[in-house]
Amino acid sequence: MSKHYSSENFNYVSSELGVIKTKNKFLFHKDSRMSFKLRHCVIHDLIKESGKQAVETKIKTKVLPNNDIYVQTLIEELYGLIGKKESQAARGTFDSNIDVYKVPAAFNKYYESNSTSEDFISFSKTCMNELSKQAKDPHRIAASGGAIVFSHFEVKGSNYFLVTMIKQKDALGLNDDLIPVRTVEIDLSKIHQAARINYDRYFNHITSQDEDKPNYLAFVSPKSNIDASGYFVSALGCSDSLPPSKATELALTGVRQFFEANVDLKPFKQPAYEAVFTYLKEKANGETASINDIEHVVRGIVPPKLGDVINNLSEFLNSDDIGLPNEFGVSQATLTRRSRVRTKSDGWELVFEKRVLGTRDGADIRYVKAENKIIISNLDDDTKAKIEKALEEKNG
Numbered sequence: 001m002s003k004h005y006s007s008e009n010f011n012y013v014s015s016e017l018g019v020i021k022t023k024n025k026f027l028f029h030k031d032s033r034m035s036f037k038l039r040h041c042v043i044h045d046l047i048k049e050s051g052k053q054a055v056e057t058k059i060k061t062k063v064l065p066n067n068d069i070y071v072q073t074l075i076e077e078l079y080g081l082i083g084k085k086e087s088q089a090a091r092g093t094f095d096s097n098i099d100v101y102k103v104p105a106a107f108n109k110y111y112e113s114n115s116t117s118e119d120f121i122s123f124s125k126t127c128m129n130e131l132s133k134q135a136k137d138p139h140r141i142a143a144s145g146g147a148i149v150f151s152h153f154e155v156k157g158s159n160y161f162l163v164t165m166i167k168q169k170d171a172l173g174l175n176d177d178l179i180p181v182r183t184v185e186i187d188l189s190k191i192h193q194a195a196r197i198n199y200d201r202y203f204n205h206i207t208s209q210d211e212d213k214p215n216y217l218a219f220v221s222p223k224s225n226i227d228a229s230g231y232f233v234s235a236l237g238c239s240d241s242l243p244p245s246k247a248t249e250l251a252l253t254g255v256r257q258f259f260e261a262n263v264d265l266k267p268f269k270q271p272a273y274e275a276v277f278t279y280l281k282e283k284a285n286g287e288t289a290s291i292n293d294i295e296h297v298v299r300g301i302v303p304p305k306l307g308d309v310i311n312n313l314s315e316f317l318n319s320d321d322i323g324l325p326n327e328f329g330v331s332q333a334t335l336t337r338r339s340r341v342r343t344k345s346d347g348w349e350l351v352f353e354k355r356v357l358g359t360r361d362g363a364d365i366r367y368v369k370a371e372n373k374i375i376i377s378n379l380d381d382d383t384k385a386k387i388e389k390a391l392e393e394k395n396g
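full-length UniProt numbering puts the first residue of the sequence shown at 1, with every later residue one more than the last.
It should be emphasised that the hints constitute simulated quantities derived from the structure, not laboratory data.
Any given hint could turn out to be false.
[As the list claims (entries may be wrong)] Listed below are the simulated EDC-like cross-link pairs for lysine to aspartate or glutamate, each with C-alpha atoms no more than 20 Å apart in a straight line: (1) 85 - 240; (2) 344 - 320; (3) 60 - 99; (4) 60 - 200; (5) 85 - 320; (6) 85 - 364; (7) 58 - 112; (8) 125 - 77; (9) 102 - 86; (10) 58 - 249; (11) 62 - 45; (12) 37 - 56; (13) 169 - 45; (14) 213 - 200; (15) 62 - 99; (16) 305 - 353; (17) 281 - 293; (18) 84 - 240; (19) 37 - 49; (20) 266 - 282; (21) 269 - 382; (22) 62 - 249; (23) 369 - 382; (24) 266 - 200; (25) 102 - 68; (26) 213 - 249; (27) 37 - 170; (28) 373 - 353; (29) 269 - 240; (30) 386 - 349.
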């Protein structure tokens, strides 16, 4: 069943007011944008020098206080950076090979537990053990260690588990005992690796009977470090498993939703959609498409004065709401299904995507061959308003 957590023992961060409330005081938070409740946090240390195979770990046995202002702020900052333009996330799930990867089963055990601080520490130790094993691999000789931050928290009613590797520990404001002792503004470049689990998506994945299950993992692994430090993603069992068909669908749907939601962009919705469709068609020969390329294509459609609005497109597409990976394969079959049919007769013209055409009840555009007609259903409010206005004008 889905996991629900009580607010008891949580400390609350009010985004709307831009302040952080602790038991005895209010502090202004510079960039507070979300309702945030910290459940557990611990910071371990993976000690490894680049060029050397030796690996040590410094494991803490107790969680950090979840009412500590520095701990709260640190985790909120880390959460807010994942999926930004400079740290776009790949999307996927845990690898299903439980004989090779230990973390997926360990997380499921934590997920199904009461998620006490002891459960949390136990899971973090499993992760550290796997990270240590992978870092010792002779092929990872160039890799280095760092502070490994584990956190379980709630944002706007949804639970998340975040594991982050920070190479430069001083960037976290830690003392020698791995405890945050000052407020920090984390540079995006300091997030070396990260993996975030969305509990809602995880629940939907493990309970879904459909083949097309939602992804629930977002993970960041800079390309420049993939050979040396790919051990982080490998140790946690992260798998970039989003099928090209699903990714192609998300890209097209996401662009359309983004333009639909903004009154200034709405007039450019169809040209932008068609430009992205053409771009994806060019990539359907096996090349990789990317969110950055999509943004570039769209910028060629909208006026320069709307450039600031387009700045949010990459983050929107890479968000949990859409779930498009930073890079993805393109499905020709999906593009064919999304391609447009244009037909006209005396007095009317009809343009629609093949995907909405059908012969059964429920199809947006239903073809009834025996009666020589089509039936258009599921009209949106804008279309209905235009039709009703046209009828009023016609009937005088």
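So, going through the hints one by one against the coordinates:
1. Simply put, residue 85 and residue 240 have alpha-carbon atoms about 19 Å apart, close enough for the 20 Å limit, and the pair holds.
2. Taking the CA atoms of residue 344 and residue 320, the gap is near 40 Å; set against the 20 Å cutoff, the hint is violated.
3. Between residue 60 and residue 99 the CA atoms are separated by roughly 27 Å; this puts the pair beyond 20 Å, and the hint is violated.
4. Annotation: proposed proximity of residue 60 to residue 200 is violated, straight-line Cα distance about 29 Å (limit 20 Å).
5. Distance restraint check for residue 85 and residue 320: the Cα-Cα separation of roughly 14 Å lies within the 20 Å cut-off, and the hinted pair is therefore satisfied.
6. With a CA separation close to 36 Å, the supplied pair residue 85 and residue 364 exceeds the 20 Å bound.
7. Between residue 58 and residue 112 the CA atoms are separated by roughly 27 Å; this puts the pair beyond 20 Å, and the hint is violated.
8. Restraint check: the Cα-Cα separation between residue 125 and residue 77 comes to about 23 Å, which exceeds 20 Å; the hinted pair is violated.
9. Note on residue 102 and residue 86: the hinted pairing is violated, with a Cα-Cα distance of about 30 Å set against a maximum of 20 Å.
10. A distance of roughly 44 Å separates the Cα atoms of residue 58 and residue 249; the hinted pair therefore is violated under the 20 Å criterion.
11. Between residue 62 and residue 45, the direct Cα distance comes to roughly 14 Å. Compliance with the 20 Å bound is thereby established for this hinted pair.
12. Proximity of residue 37 to residue 56 is assessed by CA-CA distance (about 32 Å); at most 20 Å being required, the pair is judged violated.
13. Annotation: proposed proximity of residue 169 to residue 45 holds, straight-line Cα distance about 9 Å (limit 20 Å).
14. Proposed proximity of residue 213 and residue 200 is supported: the alpha carbons are some 12 Å apart, at most 20 Å.
15. Note on residue 62 and residue 99: the hinted pairing is violated, with a Cα-Cα distance of about 29 Å set against a maximum of 20 Å.
16. For the suggested pair residue 305 and residue 353, the alpha carbons sit about 31 Å apart, so the restraint of at most 20 Å is broken.
17. The hinted pair formed by residue 281 and residue 293 meets the criterion: a straight-line CA distance of about 13 Å does not exceed 20 Å.
18. Note on residue 84 and residue 240: the hinted pairing holds, with a Cα-Cα distance of about 19 Å set against a maximum of 20 Å.
19. Distance hint between residue 37 and residue 49 is unfulfilled; the C-alpha atoms sit about 35 Å from each other, more than 20 Å.
20. With a CA separation close to 25 Å, the supplied pair residue 266 and residue 282 exceeds the 20 Å bound.
21. A threshold of 20 Å between alpha carbons decides the hint, and for residue 269 with residue 382 the separation of about 14 Å falls inside it, so the pair holds.
22. Taking the CA atoms of residue 62 and residue 249, the gap is near 44 Å; set against the 20 Å cutoff, the hint is violated.
23. Our distance criterion of 20 Å between C-alpha atoms is broken by residue 369 and residue 382, whose separation comes to about 29 Å.
24. For the proposed pair residue 266 and residue 200, the alpha carbon gap of about 30 Å is over 20 Å, so the pair is violated.
25. Proximity of residue 102 to residue 68 is assessed by CA-CA distance (about 31 Å); at most 20 Å being required, the pair is judged violated.
26. For the given pair, residue 213 sits about 14 Å from residue 249 by alpha-carbon distance, which is consistent with the 20 Å threshold.
27. Using a Cα cut-off of 20 Å, the hinted pair residue 37 and residue 170 is violated, with the two alpha carbons roughly 25 Å apart.
28. Under the criterion of a C-alpha separation no larger than 20 Å, the hint pairing residue 373 with residue 353 is consistent with the structure, at around 18 Å.
29. Our distance criterion of 20 Å between C-alpha atoms is broken by residue 269 and residue 240, whose separation comes to about 30 Å.
30. With a C-alpha separation of about 15 Å, the suggested pairing of residue 386 with residue 349 holds against the 20 Å cut-off.
In this structure, the earlier hints numbered 2, 3, 4, 6, 7, 8, 9, 10, 12, 15, 16, 19, 20, 22, 23, 24, 25, 27, 29 are contradicted, and the remaining ones agree with it.
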